[in-house]
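Colleague: Same order as they appear, the protein sequences are chains L and Y. Mapped onto the numbering used here, the consecutive letters of the first sequence carry residue numbers 1 to 275. Mapped onto the numbering used here, the consecutive letters of the second sequence carry residue numbers 1 to 343.
Do not rely on the hints blindly, as some may be mistaken.
Said to hold, decoys possible - The calculated lysine-lysine pairs, modelled on DSSO-like cross-linking and capped at a C-alpha distance of 27 Å, are:
no. : chain 1 : residue 1 : chain 2 : residue 2
1   : Y       : K224      : L       : K173
2   : L       : K145      : L       : K58
3   : L       : K173      : Y       : K10
4   : Y       : K151      : L       : K87
5   : L       : K173      : Y       : K240
These are calculated hints, taken from the structure and not from any lab test. Being a predicted model, the structure only gives us computed values, none of them experimental.
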Amino acid sequence: MFKNKLVLPGLTWISLFLLIPCIIIFTYSFFERGVYGGIEYNFNLENYVRSFKWTYFKILLTSGQIAFLAASISVLIAFPAAYCITKANPKYQILLLFFMMLPFWSNYLIRTYSWMVLLNNQGLINNLLIYIGLIDEPIRLLYTKFSVIVGLVYNYLPFVVLSIYASLSTMNKEIIEASEDLGGNFFDTLIRVIIPLSLPGILAGFIFVFVLSVGNFITPDLLGGGKFLMIGNLIYDQFLSARDWPFGSSLSLILVTIMLSLLFIQSLILARKKL
Amino acid sequence: MIEVKSITKKFGNLFAVKDFSIGINHGEFFALLGPSGCGKTTLLRVISGFELADGGNIFLDKENITNLKPFVRPTNLMFQSYALFPHYNVFKNIAYGLEREKLEKQEISIRVNEIICKTNLTGLEERYPDQLSGGQKQRVALARCLVKKPKVLLLDEPLTALDKNLKEKMKIELKNLQKQFGITFIIVTHDQDEALALADRVAVMNEGQLVQVGTPKEIYSKPKNLFVAEFIGKMNFFQKLKIEGNNFYFQDNSFITLLENNFENPQCVGIRPEDILLKANGNTNYKFEGKIIDIIYHGQENEVIINSKISEEPILIKCHKNQELILNTNISLYCALSSFRLY
Chain L
1 MFKNKLVLPG
11 LTWISLFLLI
21 PCIIIFTYSF
31 FERGVYGGIE
41 YNFNLENYVR
51 SFKWTYFKIL
61 LTSGQIAFLA
71 ASISVLIAFP
81 AAYCITKANP
91 KYQILLLFFM
101 MLPFWSNYLI
111 RTYSWMVLLN
121 NQGLINNLLI
131 YIGLIDEPIR
141 LLYTKFSVIV
151 GLVYNYLPFV
161 VLSIYASLST
171 MNKEIIEASE
181 DLGGNFFDTL
191 IRVIIPLSLP
201 GILAGFIFVF
211 VLSVGNFITP
221 DLLGGGKFLM
231 IGNLIYDQFL
241 SARDWPFGSS
251 LSLILVTIML
261 SLLFIQSLIL
271 ARKKL
Chain Y
1 MIEVKSITKK
11 FGNLFAVKDF
21 SIGINHGEFF
31 ALLGPSGCGK
41 TTLLRVISGF
51 ELADGGNIFL
61 DKENITNLKP
71 FVRPTNLMFQ
81 SYALFPHYNV
91 FKNIAYGLER
101 EKLEKQEISI
111 RVNEIICKTN
121 LTGLEERYPD
131 QLSGGQKQRV
141 ALARCLVKKP
151 KVLLLDEPLT
161 ALDKNLKEKM
171 KIELKNLQKQ
181 FGITFIIVTH
191 DQDEALALAD
201 RVAVMNEGQL
211 VQVGTPKEIY
221 SKPKNLFVAE
231 FIGKMNFFQK
241 LKIEGNNFYF
251 QDNSFITLLE
261 NNFENPQCVG
271 IRPEDILLKA
281 NGNTNYKFEG
291 KIIDIIYHGQ
301 ENEVIINSKI
311 SEEPILIKCH
321 KNQELILNTN
331 ISLYCALSSF
341 RLY
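Using the sequences and the hints given, assemble the complete structure.
Modeller: Below, the structure written as structure tokens:
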């Protein structure tokens, strides 16, 4: 079946630590929570019915909305950045990418806490705005959807820049020049040639941020102040606080299904585009 | 009429094009010919606006276009890679330039269909570039430029990517299209056959400078210097040993009396392989002996390599397929004095 034996270590790893846990979660999702936690092995679909009740479905929608905004904003910021890097002297491109990745090598929690310091009522941003006289009293920045989105965008931005940069830098420069030569100004060229041709990178970056944001529970917890739940927090709570593993499992599976269908749609679009 | 006046382009400290001037007439098929790295593509990119000149000016019909952006220049460039838009089909690729001119949809459609007919692309309108053959891609690239009716069409190594048979076909097609549209074509190539076959006039470039400009016939029969003589076609060279007056002495002390002494301090004398004949005729007044050491078969006209006392280097001659020559036999060869040129 496998002609090349080199595939075996990777295959073993994936089976042991990805496939088998997924199967366990899948089975759990059809059972019930025991009175003192644990699992009661009574087959039913109750967990799924419960997942789609408005209380929980609303959380799923909020998560999707926040993840969508974070992904869109990331792409909007990353595209110009990646474009500028490809336009820079090739000697400095690697250096620019390096500086962009640099903050990412510090700890995720520390970076998130730093944003708490910045966005606080007595934080740098509010103090600065008051100092310039733009506002009289601190505006609420922390513990809002805004701060959660800021945190998510900040954390995943470097990957989006990299993915768009990869698309842009491998593009045949002559195609862009051909557009200019045929009378296309900068905006024509950008909208009709550069963006369509870098769509694989843009899409990959977008899905990357969306998928990681929708299941994220640390950022909403710290920067959202636990004021609103995202699906990641809900799952986290089911497993660690409510001790309702079966319900948590069904929620996880719904999330995984959403992510997989997104990746599937992405691959469909790319196959059709033939880029 | 396009006038290039002392154009200079530097990359760092390196002169890619140096003080280059040339005038190209309206409706002319003009070739820039030179070895790789001679600056011919850079010059083309300066004319099309993708590189800004460090010095000099370009005039198109008396208008100075030196600093115009590519998208407002009345020139179009056909790229070496063809640079078709991979996400647009053939029709959309060709229509792109007209859409940028904000023309009416109907007019665009009429003009695109007209050019599709003229370039033999009928039936391929819906295809995407990756579904086209090399020759078809090239015709789309050409149609995309021609549909804009540019004053000058610049072509960067247009035939390099094609195989030999297709190349011959496209040569004829290019020439026909150029005549049909009456547009000035400036083609950049490193292939001398291409330049000679296509162009009304050829400019030979070396190290960023113009070496010689003239009709293909002038360039081939009267190369200005050793570089042009070596670069265009094949040539046998005989190193200078002794020149007395107009007498040039070969290695075996036989000599020829040259009709013209066109150089101050000549290095050698050269003769084209096809000017060395196997039979004497009224014009031949120099004869030498040689031994056939190799025959290279090409089909209609074969190359024969001769060892002779008159030169250290083997001599190349051409012979028709009907001529029976036998390896390792001695033969007599004849040439006219007018075929020799000093370099």
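Colleague: Hint by hint, which ones does the structure fall short of?
Modeller: Numbers 1, 4 and 5 - these are the hints that the structure violates, sorted from lowest upward.
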